[in-house]
Amino acid sequence: MQFILMLVVCFSAAAGSASAPAGSAGVPAGTQAEAPALPGRAQAPSGAVAEATLYSRKIQPLFDNRCLACHSCFNAPCQLNLQNFEGFQRGANKLNVYDGTRLKSVEPSRLWIDAHADEWRKRGFYEVSTSKDPDQNLFFQITQLRATAKDAVITKQVADTHVCAQTMTDYQLLAKNSPELGMPYGFPALSPSELATLKDWVKAGSPGPDAEEFKRQNTPSVELQTQVREWEEFLNQESLRHQLVSRYLYEHLFLAHIYFPEKPEEFFRLVRSKQSCAQGIQEIATRRPNDNPGMKKFWYCLKKFPGTVVKKTHIPYQWSPAKMARYKELFLAEGWKVSALPSYESGVAENPFVAFKDIPVKARYQFLLDDAQYQVSTFIKGPVCNGSMAVNSIQEQFYVFFLNPSSDNMVLSQKYADKAAGLLMMPGVWGSDVDIKETPLFYKKLVDHRENYRKLRIEELAKLRPEGYTLKDVWDGGGFNPNATLTVLRHDDNAVVMKGAVGDLSKTVFMLDYPLFERLVYNLVVNFDVFGNVSHQLLTRVYMDMIRMEAEELFLTFLPSEERLSYRRSWYRGLLTQAKMSYVYPTVGSAVPTGIKFNEDNNTKKQFVQKVLFFHQNETVRGGWDFINWKSLEIPDSMQGQWKVKGLDKELRKIAAVKAEAATPFSRFFPDLALLNIKTPKGLKIYSLIHNKEHENISWILGESLRMDPENDTLTVREGVWGSYPNMIFNVKENELAAFVTQVRAMKSAADYQNLVTRYGLRRSNAKFWSFYDDMHVAMRKSDPVSFGYLDLTRYELK
23 MQFILMLVVC FSAAAGSASA PAGSAGVPAG TQAEAPALPG RAQAPSGAVA EATLYSRKIQ
83 PLFDNRCLAC HSCFNAPCQL NLQNFEGFQR GANKLNVYDG TRLKSVEPSR LWIDAHADEW
143 RKRGFYEVST SKDPDQNLFF QITQLRATAK DAVITKQVAD THVCAQTMTD YQLLAKNSPE
203 LGMPYGFPAL SPSELATLKD WVKAGSPGPD AEEFKRQNTP SVELQTQVRE WEEFLNQESL
263 RHQLVSRYLY EHLFLAHIYF PEKPEEFFRL VRSKQSCAQG IQEIATRRPN DNPGMKKFWY
323 CLKKFPGTVV KKTHIPYQWS PAKMARYKEL FLAEGWKVSA LPSYESGVAE NPFVAFKDIP
383 VKARYQFLLD DAQYQVSTFI KGPVCNGSMA VNSIQEQFYV FFLNPSSDNM VLSQKYADKA
443 AGLLMMPGVW GSDVDIKETP LFYKKLVDHR ENYRKLRIEE LAKLRPEGYT LKDVWDGGGF
503 NPNATLTVLR HDDNAVVMKG AVGDLSKTVF MLDYPLFERL VYNLVVNFDV FGNVSHQLLT
563 RVYMDMIRME AEELFLTFLP SEERLSYRRS WYRGLLTQAK MSYVYPTVGS AVPTGIKFNE
623 DNNTKKQFVQ KVLFFHQNET VRGGWDFINW KSLEIPDSMQ GQWKVKGLDK ELRKIAAVKA
683 EAATPFSRFF PDLALLNIKT PKGLKIYSLI HNKEHENISW ILGESLRMDP ENDTLTVREG
743 VWGSYPNMIF NVKENELAAF VTQVRAMKSA ADYQNLVTRY GLRRSNAKFW SFYDDMHVAM
803 RKSDPVSFGY LDLTRYELK
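Here the sequence shown stands for residues 23 to 821, numbered as in this note's numbering.
No lab work stands behind these hints: they were computed from the structure. Check the hints yourself; a few may be wrong.
Straight-line Cα separation of at most 20 Å, EDC-like style, residue types lysine to aspartate or glutamate; simulated pairs [to be verified]: (1) K821 to E202; (2) K529 to D514; (3) K221 to E284; (4) K459 to E473.
Beta-carbon label-pair distances, calculated as ranges [to be verified]: (5) G146 to P608: 28 to 36 Å; (6) P658 to S793: 17 to 25 Å; (7) S805 to Q664: 46 to 54 Å.
Being a predicted model, the structure only gives us computed values, none of them experimental. A virtual CB, placed ideally from N, CA and C, is assigned to each residue, including glycine.
Sequences are here, hints too, so could you generate the full structure?
As structure tokens, this is what we get:
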């Protein structure tokens, strides 16, 4: 019955004259000193940079500030991606990448990777710049339509429109029947000066960057060329050990926006190339990073990220001499050997426990831990832009801890690791086209392997830890690494990962060991194909359910054995859900003891979390206090002197972590993510108001709305922009914050929320919307330039 239900599911899942932002196609100010070029690569121009092209000076900045809010990544309407000129040149396609009903996989359409220039025409993409005459130019007309039909009202989010005009005839019908589809969709039209700029560009033939500018955009900056060369030399050494390590690194970093501290606004992608990096990068385009590259000899190269950075896909990762030294310490210091490199065959490539068995387990696990926030972010943002495949199988807010490497079963016993490897199979073994008739059998096979692994793990734990886990078995970050505690916060079909324990005590907690952590990455990132068929997507989703339950189960082994079942039942409420859990995920190891001492209070989960945060991890690892949200968590008496809530935090604390019970239901009416801009004498401060929607359980794919528990909803309030898809923006002056908080606390209905929006909110129809939007991006870039990326407005409130 479980699988019949699952098979029904459908996975549908600044002004034009502004200077170009970091990571865009714009021209940086200043001069560059003469330096030797990287062999085979175009050298960045020396001396004063020449006058930029019209496109780089005005058009790309216009796209960045007015168009990227919708037109970037796979969720761009009609796949029109405007992150750089290549995306505009590629044009549009009516295919919906997120069509979860398809029985066959489709060709990948990743910008910059799968095709270039006219190759896109063979893949169904059509030009949007159809004429030098603005009156006959499809792109300009749809953009101008918004200005001529200002009063047209939208009733759908952009993802629900499904209209892609391909010809001027299509446009004329659209303008007549659906004038609200003019761009920017549902937001104020471009200003007269912006439209004039666009019109002049169209009249000129919509030219892109000239040859010199194009070379500059694709060439590492002078100050980075030496490091780029050194990293490529490191990754392309000939020994079998180096080749295996480089493959492991690539499969974990292919989504990273790699940067160097000397120029942190310049990003690179790690790619596989058909020829040496010095000769010029020819990227090998495969569906997955662990697919066969199609040639025995290939190279790992750093390819400069060519477009404007958007927040929803931006996962920065720093490389430096210190990081290279760390890699050498982890992977190459010990004398392990490789007799033969692993193949790319099914059963090997998609199972890292088989493919990389020769690399010491401790090295692999510590590599993941070193940058745990990045690794977890890959499955949250990942290859699907919005993380929808992963996040509807997780709670709205939960902490993540990690098992100490010295306590991991796989680290402690190679014999155990060898036994477990074959049991840790994942859906990727069946590829992108999973026969729908075979899917129930494949699902059963996954469950059987998982159950055998769970039993093996508990048996090994009983041998290695007969007295149970203690606090020492929780990773403490080595006393310096702030990745040791993470918090995941979900916003409907997307989420964010933060360092530290953010928000009040979470309902559930993940404890990840090496097998769990590695499977998270491979199931949801490395093996997952967003262009795959429905059964591929379905099996990926249900396997994430298994991982989630294992992570919760591992956490529970730290608590008294007699309390574990009651916690589990509180997380998975409902008779049908309880029956499913008994069948699909029966309890194992319920008699395994814990080595942790608890007092007589019943809340042992709270006690454990407090022990980890306040006594096991130091301040550097734990991070700062969450003055706004911590309420259930109790600060030890010895640390009370550090607990000083003041300023804006003191006021915002009044609306944070307050359950939406009858007297205080206000959080129920908030959207998934609202941004609060507070104008202070020192500048703009931005806070995220995150709606934590409580569930009775998250054990089913269908009917999520039927399993909500709104009386236990809360808001988590955190300084910074913690999400890519804001649903509403509020603007208040610092001296208005108290009144804003008072009005929030007084909310009793959806109408009260709309009154709040009327007074403080930035509705999409506001004539000054773009001015506020631009100011917010300026503040975001100034606050955190490395993590900065443009926001996505496709989920912004319609009213």
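Against the structure, the hints come out as follows:
no. : hint                     : result
1   : K821 to E202             : holds, 14 Å
2   : K529 to D514             : holds, 17 Å
3   : K221 to E284             : violated, 39 Å
4   : K459 to E473             : violated, 23 Å
5   : G146 to P608: 28 to 36 Å : violated, 48 Å
6   : P658 to S793: 17 to 25 Å : violated, 47 Å
7   : S805 to Q664: 46 to 54 Å : violated, 24 Å
Of the hints listed earlier, those the structure fails to meet are numbers 3, 4, 5, 6, 7, in rising order.
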